[in-house]
Amino acid sequence: MLVWVGLYWAVVTVFSLVGAGTVTGEAAGYAAFWTAVVALWMWRVWCGGRMAVHYLRQVLLAFGVLVPGGVLLAVLVVATGFELGGDWPTLRLVLLTLPMIAFGAVSFVLSRLLRRPAVIEWTRAMGARQRSA
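Per our numbering, the sequence shown starts with residue 1135, numbered consecutively.
Everything labelled a hint here was simulated from the structure, so no lab data went into it.
Since this is a predicted model, take the numbers as computed values, not measurements.
One thing to keep in mind: the hints can contain errors.
Simulated restraints, written as ranges between beta carbons of each label pair [stated by the list, open to error]:
id: 1; residue 1: ARG1184; residue 2: TYR1142; range: 18 to 24 angstroms
id: 2; residue 1: LEU1227; residue 2: GLY1261; range: 42 to 48 angstroms
id: 3; residue 1: ARG1249; residue 2: ALA1173; range: 20 to 26 angstroms
id: 4; residue 1: LEU1151; residue 2: ARG1184; range: 32 to 38 angstroms
Glycine is no exception: its CB is placed at the ideal position from the N, C-alpha and C atoms.
Let the sequences and hints guide you as you build the complete structure.
So, in structure tokens, the structure goes:
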């Protein structure tokens, strides 16, 4: 799960920096700050923090529901005649949307896996171990 979130964060960061055309110092600073925040959050998940795992579960659930839903809504809008400024053949549209639907499906499954009793027990055990130290 940490690898999944890390890959997602890397893609978002690269596209936000490169997508603007030029990388400014301000954009690089924001990217570095939020990368540090996400890295600390993922470290806390790795250590078994209950709140960090809970928030990760919520974020993955949101990705799992909103991303495929948004993609399917966009496909529906395009299929009903709305044009995006050019010729969008159906095959190209499908090829562009399948990775996002797969991303959402994997995120949804990972959020469900974080609800397993073994994970909840692990976070409790890690919390008890950290309090006794």
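How the hints compare with the structure:
Take ARG1184 and TYR1142: their Cβ atoms lie about 22 angstroms apart, and the range 18 to 24 angstroms holds. Take LEU1227 and GLY1261: their Cβ atoms lie about 47 angstroms apart, and the range 42 to 48 angstroms holds. At about 24 angstroms, the CB distance of ARG1249 to ALA1173 agrees with the hint of 20 to 26 angstroms. Take LEU1151 and ARG1184: their Cβ atoms lie about 33 angstroms apart, and the range 32 to 38 angstroms holds.
The structure fails none of the hints (numbered hints given earlier).
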